[in-house]
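*Asks:* Chains as they are written, first to last, in the numbering used here: chain A, 10 to 257; chain B, 10 to 257.
Rather than coming from a laboratory, the hints here were simulated on the basis of the structure.
To give an idea of the chain A side of the interface with chain B (calculated C-beta under 8 Å), a few residues:
#, residue
1, GLU191
2, LYS194
3, LEU236
For glycine and all other residues, C-beta sits at the position ideal for the given N, C-alpha and C.
There are 2 protein chains.
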Amino acid sequence: MRGVPAHIVVPRTTPQCKVDAVKAYGGQLHFCEPTMEAREALCAQLQSSTGAVLVPPYNYGPVIAGQGTIALEFLEQVPELDALVVPVSGGGMISGIALAAKAIKPGIRVVAAEPCGRNRSPDVALAKLAGWVVPCARTDTIADGLQGRLGDLTWPVVRDKVDAVVVVDEQEIVAAMRLIMERMKLVVEPSGAVGLAAALSPSWGAAAVLRTCRRVGVVLCGGNLDLAAKGFWDLWLPPKQPTEGEQQ
Amino acid sequence: MRGVPAHIVVPRTTPQCKVDAVKAYGGQLHFCEPTMEAREALCAQLQSSTGAVLVPPYNYGPVIAGQGTIALEFLEQVPELDALVVPVSGGGMISGIALAAKAIKPGIRVVAAEPCGRNRSPDVALAKLAGWVVPCARTDTIADGLQGRLGDLTWPVVRDKVDAVVVVDEQEIVAAMRLIMERMKLVVEPSGAVGLAAALSPSWGAAAVLRTCRRVGVVLCGGNLDLAAKGFWDLWLPPKQPTEGEQQ
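Using the sequences and the accompanying hints, generate a full structural model.
*Replies:* Spelled out as structure tokens, the structure:
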């Protein structure tokens with residue numbers, strides 16, 4: 010809007026729809042390998058060659074503070090909330106929300122919703138259980154926006170301010186996404202549906218601290234759903250895949 | 010909500026997601042053949058056997074008046090609108106909107122958006138051109154919510170109050186639906202995207218009366234998108250259909 014060039018570093022596995030949207034909004038895309046190391050290296054290189062200011066995705070005070078405004082909006086609209094459910098990845102959003110929500114309403118529960126992944130690697134749940142950030146394999150999940158890792162700023166907040174982590178499986182994520190799209194008429198990506206998946210999961214009731222929560226706010230975040238991506242429909246339609254003959 | 014039974018008569022071709030939603034909301038479904046005659050016959054039969062009050066879908070004063078409130082909302086939020094674009098089928102919604110909008114702001118343009126269909130049967134455009142309701146084949150279109158026919162209450166309003174009809178093809182509908190889902194993050198069914206398709210169509214500029222309209226309100230109506238229906242994806246992915254080998 011102010012004519013400042015925006016360089017956007019994304020992994021080469023980014024959904025095409027997100028790539029198209031960044032281009033359409035005038036961002037300059039730079040692709041890296043899908044690892045933290047590759048991302049950080051490319052960002053450093055761009056900073057030194059262009060003089061650009063780095064805006065880290067989550068482990069960064071101003072970003073955490075900005076995401077805290079989600080809690081302000083929730084509590085302004087529904088002051089009687091018992092809990093807020095937030096999908097967790099690097100922990101920026103949930104840190105901001107937990108800090109803001111508990112400053113306003115100390116009794117509110119803040120719940121992290123996390124995909125278990127096909128490789129059973131729910132790193133935030135494991136970190137909370139262990140009390141330290143256990144090294145984990147990258148979570149193998151359709152919730153591809155939730156593959157970040159807790160940072161040195163976000164982990165202490167998640168450790169101290171998040172009341173529970175609810176872990177969901179792939180089918181719970183797809184079912185929640187479907188419910189959101191079919192009934193609420195909103196497009197969310199799998200990562201964005203993980204909060205609702207958690208609130209509807211049997212694991213929710215298993216956490217004693219959540220059993221008494223009646224009014225639950227769920228953050229639906231992320232709508233970069235690549236409807237044209239084949240992987241999505243394999244999951245959406247598991248029972249009856251059309252055969253090649255039927256498609257013609 | 011008041012415990013009054015609701016009998017819902019729908020054609021047997023209704024998308025499964027709509028059927029599921031009616032059931033989940035407690036409606037009692039009754040299926041008929043997908044013709045006006047079959048629908049009216051089944052409605053009459055249900056009325057006589059249950060004593061239920063008929064709520065016709067569009068050719069009915071209270072329904073038209075209710076849909077007029079859409080115009081009130083638009084003009085309340087954006088008083089400077091030059092035009093409103095409304096998908097047209099039986100003409101109930103556009104009649105209500107045209108009557109209400111022009112009562113408040115006589116200079117506003119009200120534009121009908123209509124699918125041409127694969128059988129080139131845009132009945133409203135033809136009726137407006139001819140000045141009478143030309144008998145037409147049922148429009149063969151993915152916009153399956155726009156296959157109604159003008160009624161004796163709606164036709165005079167469409168004839169006298171609608172400024173232009175913009176006719177769109179199937180690919181324009183899919184492109185608009187895709188834009189709405191990918192950028193606005195809203196789920197609309199094909200019928201609901203026809204208004205945006207019209208506003209973005211080259212045909213829009215062809216209508217002299219619309220060329221000066223700068224601020225255009227578009228009604229996005231209908232979100233009963235059957236994401237699991239195979240026909241949808243055939244249209245969504247025309248360039249590269251996955252082969253059976255790729256799907257495994």
